[in-house]
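**Student:** Here is how the chains run, residue by residue.
4 protein chains.
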Amino acid sequence: MSYYTDLAMEARELDPDIKGVTEEKDEKDGVEISRIDVLNDDAAKKLGKSKGRYVTLEAKDLALRPLSLFSAAAAVFADELASILSAMAKSQSVLIVGLGNENVTPDSLGPRTVRGVYATNHFDSAIPGAFDNKLRSVSKIAPGVLGTTGIETFDVLKGIKEAVQPDLIIAVDSLASRRASRISTTIQLSNAGIEPGSGVGNLRKGLNEDGLGIPVIAIGVPLVVHASTITRDALLYIASQAGINDSEASIEALAKKASDEKLEDLIVTPKDIDTIVRDMSGILSEGINRALFGSDYDEVRALSI
Amino acid sequence: MSYYTDLAMEARELDPDIKGVTEEKDEKDGVEISRIDVLNDDAAKKLGKSKGRYVTLEAKDLALRPLSLFSAAAAVFADELASILSAMAKSQSVLIVGLGNENVTPDSLGPRTVRGVYATNHFDSAIPGAFDNKLRSVSKIAPGVLGTTGIETFDVLKGIKEAVQPDLIIAVDSLASRRASRISTTIQLSNAGIEPGSGVGNLRKGLNEDGLGIPVIAIGVPLVVHASTITRDALLYIASQAGINDSEASIEALAKKASDEKLEDLIVTPKDIDTIVRDMSGILSEGINRALFGSDYDEVRALSI
Amino acid sequence: MSYYTDLAMEARELDPDIKGVTEEKDEKDGVEISRIDVLNDDAAKKLGKSKGRYVTLEAKDLALRPLSLFSAAAAVFADELASILSAMAKSQSVLIVGLGNENVTPDSLGPRTVRGVYATNHFDSAIPGAFDNKLRSVSKIAPGVLGTTGIETFDVLKGIKEAVQPDLIIAVDSLASRRASRISTTIQLSNAGIEPGSGVGNLRKGLNEDGLGIPVIAIGVPLVVHASTITRDALLYIASQAGINDSEASIEALAKKASDEKLEDLIVTPKDIDTIVRDMSGILSEGINRALFGSDYDEVRALSI
Amino acid sequence: MSYYTDLAMEARELDPDIKGVTEEKDEKDGVEISRIDVLNDDAAKKLGKSKGRYVTLEAKDLALRPLSLFSAAAAVFADELASILSAMAKSQSVLIVGLGNENVTPDSLGPRTVRGVYATNHFDSAIPGAFDNKLRSVSKIAPGVLGTTGIETFDVLKGIKEAVQPDLIIAVDSLASRRASRISTTIQLSNAGIEPGSGVGNLRKGLNEDGLGIPVIAIGVPLVVHASTITRDALLYIASQAGINDSEASIEALAKKASDEKLEDLIVTPKDIDTIVRDMSGILSEGINRALFGSDYDEVRALSI
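Chains F, A, G and X, in that order, are what the protein sequence lines are.
Each residue of the first sequence is one higher than the one before, starting from 1 at the first, in the numbering used here.
Each residue of the second sequence is one higher than the one before, starting from 1 at the first, in the numbering used here.
Each residue of the third sequence is one higher than the one before, starting from 1 at the first, in the numbering used here.
Each residue of the fourth sequence is one higher than the one before, starting from 1 at the first, in the numbering used here.
A few of these clues could be false.
Simulated restraints, written as ranges between beta carbons of each label pair [stated by the list, open to error]: (1) X:ARG278 <-> G:LEU39: 34 to 40 Å; (2) F:SER86 <-> G:GLU299: 38 to 44 Å; (3) X:ARG278 <-> G:ASP298: 47 to 53 Å; (4) X:LYS28 <-> F:ASP265: 27 to 33 Å; (5) F:ASP42 <-> A:ALA87: 53 to 59 Å; (6) F:ASP265 <-> X:ASP298: 46 to 52 Å; (7) X:MET88 <-> A:ARG301: 49 to 55 Å; (8) X:GLY282 <-> G:LEU39: 42 to 48 Å; (9) X:GLY282 <-> F:ASP26: 36 to 42 Å; (10) F:GLU32 <-> X:LEU14: 41 to 47 Å; (11) A:GLU32 <-> G:GLU23: 41 to 47 Å; (12) G:GLU23 <-> X:ARG278: 25 to 31 Å; (13) A:GLN165 <-> X:ARG278: 28 to 34 Å.
Rather than coming from a laboratory, the hints here were simulated on the basis of the structure.
Here the structure is a predicted model, which is why all the values come from computation and not from measurement.
All C-beta atoms, glycine included, are put in the ideal place defined by N, C-alpha and C.
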């Protein structure tokens, strides 16, 4: 795919006139909100994104790391996630999944976010009756990646799902964007699960209700741009300036010659990616905890030593 | 349990005359080898260890970190593990499990060892025919601990086992010893699986063939001594010196008064536990790789980028 | 020293009647405050602590990790530090020093705290005039430990002090306590600098105004108990119960026989020491930032990307 | 500088005909060796590299991580370093400096390499006479970066140099290359010290004999390519294909328009940069230890617990 992006919002920017795709824009506390609905299979195919809702939060000033915007972003994110969860009764149990490789910084968003989410699934037996069964049961796992575990992420999750029997999965993953400027400023939520080929690690089997039998909410933050994206953009621009109207394939051939590198394995990140991943996983875990536990938040936090 | 130890060798030292427990001693390249067999249920009950074979490797000089002894220890360990595995055909598949909490240094042996073991389960589809199906299939997982994931380790493994269908599990865990001097010098292997209550994290459900339906080989290194063990030893010694013949229970009551601390949550470790865990998990992963892959070792290593 | 502790408060508990030592007790927002003054050399010798002021903050509930108490503890700590700093004009420059070994968890408080403190010493040249020279200049260093760098910490600091020319040093270090219950609940501040032999790493040369030529404020948190302390306490207790009135030396000889271990290299920590160090270094860095930057805090934070 | 590279070899590739620059090529055990001498100030100015010797080792197969090549590369590197050191008597003392930010993966080569080098400077007092003063004294420091410590690296080193009084400094740093293919395969050594502006962190003051008063050997590995380099290369290529003969400045203006990003803060790295940094710092620390300690290597290693 020539213009690969994990963000529905970017896919729509490239082709804004696809029928069956609607977008609603909003703003709250310095965070711009886009809610895109992909309404039918035809639209899904054209956009390259599965049917469902995609909420994108953008706060350009997050790159400056003002603490107050962190809290605001976590709160707005918690609200949007709670809204997606709202159809669920409080008693429904959730399995949080941190996708990606903890030892590859830009791919470590999932495992790091999961570390900050509170697990409560074991409270019932440890503290019988403490919550009168009203507290939401949350369990979590960072299953690793195929390249290091030898096991398809899909297969690990299928197995754990059978053992834990959650009602819903929330999967967190690093995303690839088309623009480096989105790296420290953007969060995407979706009720459509995760497609094969997405993320930094290029997931091989999709994670969604079709495959896993329960709904999958996907949460991600763009943390890399593929090196080939940046080069291709530059080439297309100058090609158009120079009046060259070659096909995209020939542009890509040029890109390969020009760069003399295998660009597929290269990623473009900001120098301070470590700080960015820490910040963004903090916002995500805080927001997920608030959305999942609501008024029980303080109590769960105190018990999650 | 008053004299808790995860080492069968230490349990036997405390009560060397139990019938149905045999021990064979050996020595190779500076490593002392003890092979204990617990032959029947009665012996198992008295020793406090399940029926099966327990091999303990001790190399006191490992504490000095001579490189050559590291290689020797890895080689002796690989041989003993290979001997336990020898009944298996090469084609049998193995799931390596790293027990414990990666973020608690003395409990991180399992996850760190697993990081160094090569997974090959996905080679077949990635490199079709490359190995003519002769290479052993190895997959691996570090499932986290109940306290952080909310999921019983047993349940995670049961689920993954159903998904991956391995023929055998090898589980690596930090152990508790009765003597600090064993912390950087000892490795235990067993074909009896892992009992509930064992390890630094006090596993709640045992991991063995009864529960999981496939054989479980347990590998561990003593990395902590419970603070209560050290105190109790000191008290018992001076009590005997002073001619006090109180029951053990009253000694324990004294220990609590004397120390004025909740000793259960305290562990005794060497200051340089971080270095020790790194060294020992290096020896274990090297030995496991050699035992599992044999003459394919170099080829697997080259492919495990 | 038989009863080694880095806490002046514990030293005084062992011998509360030393002349020339005064103590003032206070309480604020759930934090107990003890302010001990060691008034003369004679008192210093008897107490085993240099002349000066020692402020100890204790909040037993910190062990339960309630977020609100974290903020409260950071605020009380910031106030006490600001009070010690109050004689200084705002323009005085500070060098923050994180003592200890980052790779040994209980010894990593200093380096981790320093990571969270904001350095501003380079703002002047990077953002000329931005602060009209009113902002406090702060620089920081984690010099490592003798055992790994081959350089005395004192010598590194002496050299950096010459290069940076700060008006004051604030040194943060892990401490040894006599009671495990103080590990996650106590902070000590002192204007007396740091004595040789103190801390987890047993500093070889003291860090104080005599040696370095500028005042040294010491901040520490007890994170270990020496294994020998726990054993000796237990032995002394039972010895007294049994009517044994041996000298301390003979008790120590007994302790060695009893434990059959070299207890000096062993430390006692809680299992969750990693979480505790993270929490406590967070409280310390937040409090230091507030005490050093006062009303400039928000601005400095925003600039410290 | 339009074509920025930290490698003298790449600078020479761009302009191979500069007078006063000589190159000698060699090969050993699968490692290609280039020895470039910059003979005079005029040549230095034209090449953009200070006067002195630059040795570049390249082993393309290192990217495949064959263990045997690791040892070979470490040995060849040790030989070249020893050759540069050969003018020094054994008794001369060395300060090893790990430049860069440990918390930014591609900038962490220096601190990680330094962790693996053995310090011996404190052996003399700890083990008096053990070495009859024949052992080389080595101390080491990872001084952090200006952006986090608030102190110029140059100033920290100047201060520590005064305190420790070494005869020579060896500084290790991550480099920027023009080609991603060099990232996991190349090592550069130089007796010319380090220029301002070099490395991932863009050092502000150079580290060399002029400034520090003692010789500085620089060792580096290219670990990033600036995103602007890749884009510029692509643009220049297509511009030449399209017959556009614009000035470089206008190409750069185009590049900025084309990419619509601030490319300066973006770096291009392979996905598996964490593994690469670990491998390369292992090779460097092993080679430095062998070059510095020669036949004392085993003894020093055993003592460096």
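**Student:** Hints first: check each against the structure and report whether it holds.
**Tutor:** Hint by hint, here is what the structure shows:
Roughly 54 Å separates the CB atoms of ARG278 (chain X) and LEU39 (chain G), a value that falls outside the hinted 34 to 40 Å. Range check, SER86 (chain F) to GLU299 (chain G): Cβ separation about 39 Å, and the 38 to 44 Å hint holds. Between ARG278 (chain X) and ASP298 (chain G) the Cβ separation comes to about 38 Å, which falls outside the hinted range of 47 to 53 Å. Hint check: LYS28 (chain X) to ASP265 (chain F), Cβ distance near 28 Å, so the stated range 27 to 33 Å holds.
As the Cβ distance of ASP42 (chain F) to ALA87 (chain A) is approximately 58 Å, the hint placing it in 53 to 59 Å holds. At about 39 Å, the beta-carbon gap between ASP265 (chain F) and ASP298 (chain X) misses the expected band of 46 to 52 Å. Hint check: MET88 (chain X) to ARG301 (chain A), Cβ distance near 37 Å, so the stated range 49 to 55 Å is violated. For GLY282 (chain X) and LEU39 (chain G), the Cβ-Cβ distance of about 55 Å falls outside the hinted range of 42 to 48 Å, so the restraint is violated.
Separation of GLY282 (chain X) from ASP26 (chain F) is about 51 Å and departs from the stated range, judged on CB atoms against 36 to 42 Å. With their beta carbons about 44 Å apart, GLU32 (chain F) and LEU14 (chain X) fall inside the hinted range of 41 to 47 Å. Look at GLU32 (chain A) against GLU23 (chain G): about 55 Å separates their beta carbons, and that is not inside 41 to 47 Å. Between GLU23 (chain G) and ARG278 (chain X) the C-beta distance comes to about 51 Å, which lies outside the given range of 25 to 31 Å.
Checked against the hint of 28 to 34 Å, the pair GLN165 (chain A) and ARG278 (chain X) passes, with Cβ atoms roughly 33 Å apart.
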